[in-house]
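Participant: Given the coordinates of chain A, work out where chain B should sit on it, guided by the hints.
Protein chains in written order, with the UniProt record's numbering: chain A, 1 to 986; chain B, 1 to 986.
Hints in this document: simulated from the structure, not taken from any laboratory.
Treat the hints with care, since some could be wrong.
Treat identical chains as interchangeable: a pair holds within one or across any two.
Result set (EDC-like, lysine to aspartate or glutamate): computed pairs, CA atoms no more than 20 angstroms apart in a straight line [what the hints assert, rightly or not]:
#1 K835 to E624
#2 K909 to E164
#3 K911 to D221
#4 K323 to E743
#5 K898 to E164
#6 K851 to E839
#7 K449 to D485
#8 K571 to E891
#9 K887 to E578
As the structure is a prediction and not an experimental result, all values here were calculated from the model.
Protein chains: 2
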Amino acid sequence: MQVSPSEDKIPVVDAPSSPQASSEGLYFCDGLRKVDYVLVFHHRRHGSLRGTGTASVSQDQLSIVSNGNFPPPSGSSDAAAGRGAGLRREEAASVGEVFMELGMARGSEPMEAADHEMHLIRQEFEANLLEAGLEVERDRETKTHGPSFTRIHAPWPVLCREAEFLKIKVPTKQSYELKEESGFGSSMSSVWRKLNQPFEPKVPHQDHGSTKFLSHCFSRDKLHMYNITSKDTFFDNATRGRIVYEILRRTVCVRTCQTIGISTLIANGVYDAAFPLHDGDFKVTGHLEERNDRQVLFEEWARYLAFYKYQPIDLVRKYFGEKIGLYFAWLGVYTQLLIPASIVGIIVFGYGVATVDTNIPSLEMCDERLNFTMCPLCDGACDYWHLSTACGTARASHLFDNPATVFFAIFMSLWAVLFLEHWKRRQISLSFSWDLTGIEEDEEHPRPKYETILLEKRQRKQQQKAKKKKKKKNEMVAEKLTWKDRLPGYFMNISSILFMFGLTFSAVFGVIIYRITISALMAMSPDPETKSNVRVTVTATAVIINLVVILILDEIYGSVALWLTELEIPKTETNFEERLILKAFLLKFMNAYAPIFYVAFFKGRFAGRPGSYVYVFNDYRMEECAPGGCLIELCIQLSIIMLGKQLIQNNIFEIGIPKLKKLIRALKEKKPTQKKDEERPPQQWNLDYALVPFEGLTPEYMEMIIQFGFVSLFVASFPLAPLFALLNNVIEIRLDARKFVTELRRPVAARAKDIGIWYNILSGMGKLSVIINAFVISFTSDFVPRLVYQYMYSQTGTMHGFIDHTLSFFNVSNFKPGTAPHSLDQGDITVCRYKDYREPPWSSDAYQFSKQYWSVLSARLAFVILFQNLVMFLSLIVAWVIPDVPKTIVEQLKREKKLLVDLFLQEEKEKFQLIQSLFVKPNSQSPAAGQAFPVLGRYSTLPSGPTAGDGGGPRARCRAASFSQISDKMSSLPRKENANSKHTAV
Amino acid sequence: MQVSPSEDKIPVVDAPSSPQASSEGLYFCDGLRKVDYVLVFHHRRHGSLRGTGTASVSQDQLSIVSNGNFPPPSGSSDAAAGRGAGLRREEAASVGEVFMELGMARGSEPMEAADHEMHLIRQEFEANLLEAGLEVERDRETKTHGPSFTRIHAPWPVLCREAEFLKIKVPTKQSYELKEESGFGSSMSSVWRKLNQPFEPKVPHQDHGSTKFLSHCFSRDKLHMYNITSKDTFFDNATRGRIVYEILRRTVCVRTCQTIGISTLIANGVYDAAFPLHDGDFKVTGHLEERNDRQVLFEEWARYLAFYKYQPIDLVRKYFGEKIGLYFAWLGVYTQLLIPASIVGIIVFGYGVATVDTNIPSLEMCDERLNFTMCPLCDGACDYWHLSTACGTARASHLFDNPATVFFAIFMSLWAVLFLEHWKRRQISLSFSWDLTGIEEDEEHPRPKYETILLEKRQRKQQQKAKKKKKKKNEMVAEKLTWKDRLPGYFMNISSILFMFGLTFSAVFGVIIYRITISALMAMSPDPETKSNVRVTVTATAVIINLVVILILDEIYGSVALWLTELEIPKTETNFEERLILKAFLLKFMNAYAPIFYVAFFKGRFAGRPGSYVYVFNDYRMEECAPGGCLIELCIQLSIIMLGKQLIQNNIFEIGIPKLKKLIRALKEKKPTQKKDEERPPQQWNLDYALVPFEGLTPEYMEMIIQFGFVSLFVASFPLAPLFALLNNVIEIRLDARKFVTELRRPVAARAKDIGIWYNILSGMGKLSVIINAFVISFTSDFVPRLVYQYMYSQTGTMHGFIDHTLSFFNVSNFKPGTAPHSLDQGDITVCRYKDYREPPWSSDAYQFSKQYWSVLSARLAFVILFQNLVMFLSLIVAWVIPDVPKTIVEQLKREKKLLVDLFLQEEKEKFQLIQSLFVKPNSQSPAAGQAFPVLGRYSTLPSGPTAGDGGGPRARCRAASFSQISDKMSSLPRKENANSKHTAV
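Same shape as in the complex, but just chain A (with noise of 0.2 angstroms):
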């Protein structure tokens, strides 16, 4: 009753010394069962230890339990269920004793009222656990305070049924040569393949060269298909914690607490945390070829110096599962396709570098002998100034305001669609050798927060009931959450984010306030020095500004959008992250653009003209673009803001804050354990509670998504972009590595197809990005004006003049009172320039927008056109060029199938000789035989002319089995003529 009676042989938890027992902390204490999944709760300081004496004894002597109800195993068993038999026995009766045991802690002195519960709860769910065939080990010394973990594993025959409800699918004995190409593309990839040996990481087993194994639904029936090596390592480690977490999922807790789960459990604070336990240290410390999967993956995968290699992508996904291994993967193949952007846009930024010395109206701007006499920048307080005065600008905008400039952003655009097109092939070579292709999403439970308020609805519904008797009886008990219940929080979700977007805008617009100001005070200033830095200094600051709004903003608008998102009270958790993804994407993305948004398509564009302009608060200008044109100030606006939140997100939040967390938190623990430390080493259960937990992958991702913004939305103002990001995710990942590897819990092995809603984001800013980069070309760079100089206005045919051209005249005498300079050494200027096209004073509607005006408009307007429909349609040509699925894939899938149906059919014909054998010779003339007969002659009867030759034969008998796996393969795959998705509709 209290200890079991196995105990002498089964070495129980306080021998971890013996060598091989201990096994790096990642078995039970008997050496042989592996510890898949990890239960830790925190015994509260508080816990009255005196009253619970005799009944923590009691449940922590029983150290080992298990459960028994297995069927005994069958004659072909193999030697792991033998093994596990002797264990098996004694464990049958463990399992009365558990439940005897929680009759006896009842029964015992009241603990704490909530500890008690809590006890009883987890005595409960580790019950159930039991009962659903898991292994259950708990530590066994008394503890009074600090951690306590529940160790669980799964044994073969439980590992079996799951693998076969999840269809989890695995390598079947079947395997196949892959295609060797032939000839030139032979030795072309035998090449290729010589020089991409030092960016390979050195991965053992990767590659299995030209050969495939076929996979399969994993199920018992079929076992002796399988490539079972070893029963304990047939599952891998991922797959383990997989099941485990599954069965973890849908264990009830009836008696004690009415929920489903262990994310509940975790919720209401019965268990701190749930984890399945890292392959061991990840620092290598014993020989090269007995590295685990963790150190291999911090070897060859999460080390800085290993950037340049390829990633291990198939052992990503082996140890943390599909999803995250997804991540990873798309995370690769978008900085891969960084590389060719980058270069291209290198090569753009040294066209401009190359021609600046030549270009006619930078070289207009900087001659002095032009002398061109501008309108004072301010009003009163400065003077008139000479256009040569702003050379540097000039010089610095041709380098980003070229002709080359509308070239890359059509390429961008090109290369986004591109991008997303390479990643869908690449998805489905992932899903392909992955074996995802027809697997279907879980049935998710919902989430406890819903099934909190749905349990006060019903509990509101049947007092409003009790009240009512009078009505009618067969009012249905509230189901589920109507609009009605979320009305409040659809609410304060509109309220909320619009109240967010006025943040940013008056972020946006108090930084606008700034600029202003400021530079009318320091224009005011008598010192020289600071009149001449104006510009430069209010820039910089203000773009600092901005950055440090939008660093702090980011992160506010984090938590504001979990925040909402919980008041909305979504079922499941994805429908959780799906609203939450797209809350805080648009908050995020509202948060990091609006400047930049600003400064392309709105400053200078409210400024007003000399003699009329535009004044905030009575008393300030409107801010007006650099002389050497907006596209400049863009390209620092957005060069600052990127580099800046790439610089300080990587370093400070993404480093610095999990370390300051580890900090923290080792602090906090250090003392209770500090102790037991020394007693022994700690357990790997223990290294991994100190680690964080696992939180999803949406922050990753969503720091990509908006990289990817800078690197498309803008890119025609700065061609530099995906150089930077490139340089930023060569680090990141890395870094996303790391963490992964070394600082959070091992997350549960996420199965999942695609990248899901970020696919859409990802499109989405595509085909806007086409739209503003043609914006930005034609209404913030100076392309089209210069052209329609060039082709309209120029006498020459060249560019000469075009820097008059665009400059209007100004008659000083209009100047409203008191606007005009107060300086006394302008007697003989008599007009001013200002860059706008208006009619001359002279004219006879004077400062009215003149006929060049609404020409260059229309060729701008008519650029818009021209390039978003050019794109788009280059866009929808690059996407029907490329197949989805790439040929190969095709190829090996109808291989596949026809492999399958070939092992199937084998196995009917010998299943068919074992039943003929047995049925027919003890009573031949029985009517089962005749019943039998069918199951072969199903395939016999099928005509195959004796020289078939064109397939005639083969093609039959494929079509004859029903393996619906692979057909799920072929249809889950997207085909070109059948993609009526969402998106053809524009």
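Facilitator: Showing chain B alone in chain A's frame:
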């Protein structure tokens, strides 16, 4: 050896007069076995009857042949099998006979070589059919000419076998209630049903109330699960036909002709035709209740008087198969959705009619007091004219060119999106109720043409090999055609298509020349009546010429596309169809829309201005638009081409030509068969053979798609287009239905899960329509200039003075010599007006584009950008808001999944109990029993808490079984998040 010994038992062919045996000619002469397929070949007239005397008799006397290689009927067999058992025993012998007979035919005197060979091929082919399990009946009497029929019957075992291979879904016994709406929804839907009553076709057993039978892929192992009332009717006639076709398609002919499938044999002339039989006569003769499906279709669907009814789509699908069913369903959805579009179109038109008398621009144009003197319309001969004489066109123009048109254009763009989305939902609903989800494409045979060319290539290669024997031996035999083989085809294709494009453009240009010359000639005519009717006459005749050219080229292009696609040598029929459709669409689209495009965007834009007109052939001025604007011309062009095309193609091509063909066929056949007709009434196969063979749905779809173009592409100019399309389609549906029911041979029931490439074409046209409508509104209509005038130039803010504003001044002294009007009474005219925005003669840059021109152009372009992006955005939202899969379907799928799993679990349990009772009783300790346990164990070991409540139990069980046909359904439905389709790219 010559006559099967069972002749006395089985009624032979010459007994059709016995009432039971005739059965309307749908059965073998035994009156029991249904004729599922008919093969026809023609005896050549020159057939040497003398020589083959004995052979043909021996062949023809073998009237009923059948194979007997079935297992003897098992104990579980039912009555039908029992009935057939008697026959089969004798038939077993006749198989031997066939082969011997084949041998004999060879031994007999030589026929005419080709005929003899065909005869042998037919014999081998039919022998192979027998071997595949089919039963075959031939005409008995010796025929010397005329068609000879081979009738094929598929017995139950063959049907079962093939249904299993083809994964045909059949209803199981399990049924479930569809969810009934309760409360308000229920009463609403019953009211709706009552309102709909008169529109519902009267189809027996169509609505099985609210019960739906679960369906499942047919499997011979699970016969007890299906709802088999009679083995003769379990598979309907369409399915039987499909099954036989499947066998015909893959049956090989090795010894005599090295080919595979009936289509090759037909292509080679071995057979003339092969078709399944109709269900009987379509004229209702007997009682209403006893109508066969063909009669029901004829009465309820194919009559013009039924035009207001819904289509009995389910019956159409049952009779003609899914592919044709989908076509009619699509046509129905399209026609239904045309109703709201027509209504809105009528309202928009009505708005134009109602406001024509208050519309200021047209009032101003008609106002004789304003007295605008316009510049002459042609050189010399024409005089100055007053604008008020063009009052009529101005008023007509307002009917189509008013602000409501802009709204209508936006509406129709969204309508197109809505239509596509709605169709997507309908398609998914249909594929759910027709059990099409998860079907996979059959692997297809190469087309006969492809095989022939491949054979030639192989032979060529072998000859080459034979020549250069020194080369290494392992050179592969050509396995497929590469691009090299197709190069001439591609080259021919591109050049031909370019040539066709050129042809179309020259046709358009020719009509332009016609218009220019005729109007010039008519203007020079002295007759004043001729002069006054110039514009009407010229426009009308030109459009009619255009129409005739379009109709002729349409037919030519259809054949050219076919010819070009043959040149490309596509491998499979699907491939062929796709390429053909694309090519035909491209050519026909160009052909139908080129003149319309010209009028919309080019006419009048290159006419120059007074004093510097543009001339073609040095003599004729380029044509201008009517004074009322180009839109009215576009409207006339569009309406005449659309209506003319529909009327002529519908009436002449679709009704007339088939009738003519039938007549010709009948005349051809009449003479030889005359005497036989007197002998006995024609059998069903004779009747069906006299019908026109079915040649695919491509022309039907193509007609509708071109119509969809008229409705969507230029709808801004002709709001009544949807109405005319609706009227046409109401007739079209019944016309097509009539054709299918009465005039075509029954097509093989082909499966299809969507309308394929047509959807993409539709979606592409929807996208194109947005940009085209944007351009039509902003450039062809006067909408934008009016807006600009009202808000930028009008003094009063009204439209008064608009006409004056759009007319520029021309100083008549600036006419080039000889181009000024020759008439004499013009002394007082110094300036004339013309429609353009140009500087007046007294300006410094006279006759240059004025500022107004550029501002209007800017506004036009801005409008295009705004319209395009707004509509695209709205379309995206519409597509996003409407879920692809209707909610009810999702729920039903979930329920079906659950029910199916339950059903199978039940069955599994029963099976297990059976095995247990079999195994355990005799030797209860055998290892086999241990093996059998897990079968049940895999479900019973699942934890299912006693009060699992929230679905823990059923959910867990749901996942338990792996019935992928349902997961197929779930995964094949397009999901929002995963719709990474081709079209996301733009």
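Participant: Decide, hint by hint, whether the structure agrees.
Facilitator: Hints, one by one, checked against the model:
1. K835 to E624: Only inside one copy: K835 and E624 sit 10 angstroms apart there, 40 angstroms across copies, limit 20 angstroms.
2. K909 to E164: between (24 angstroms within a copy, 18 angstroms between copies)
3. K911 to D221: This pair counts as both: shortest intra-copy Cα distance 12 angstroms, inter-copy 15 angstroms.
4. K323 to E743: within (18 angstroms within a copy, 57 angstroms between copies)
5. K898 to E164: So K898 and E164 pass the 20 angstroms test across copies only (17 angstroms; inside, 23 angstroms).
6. K851 to E839: Both: 8 angstroms inside a chain and 11 angstroms across chains, each within 20 angstroms.
7. K449 to D485: Only inside one copy: K449 and D485 sit 13 angstroms apart there, 66 angstroms across copies, limit 20 angstroms.
8. K571 to E891: between (41 angstroms within a copy, 16 angstroms between copies)
9. K887 to E578: between (33 angstroms within a copy, 19 angstroms between copies)
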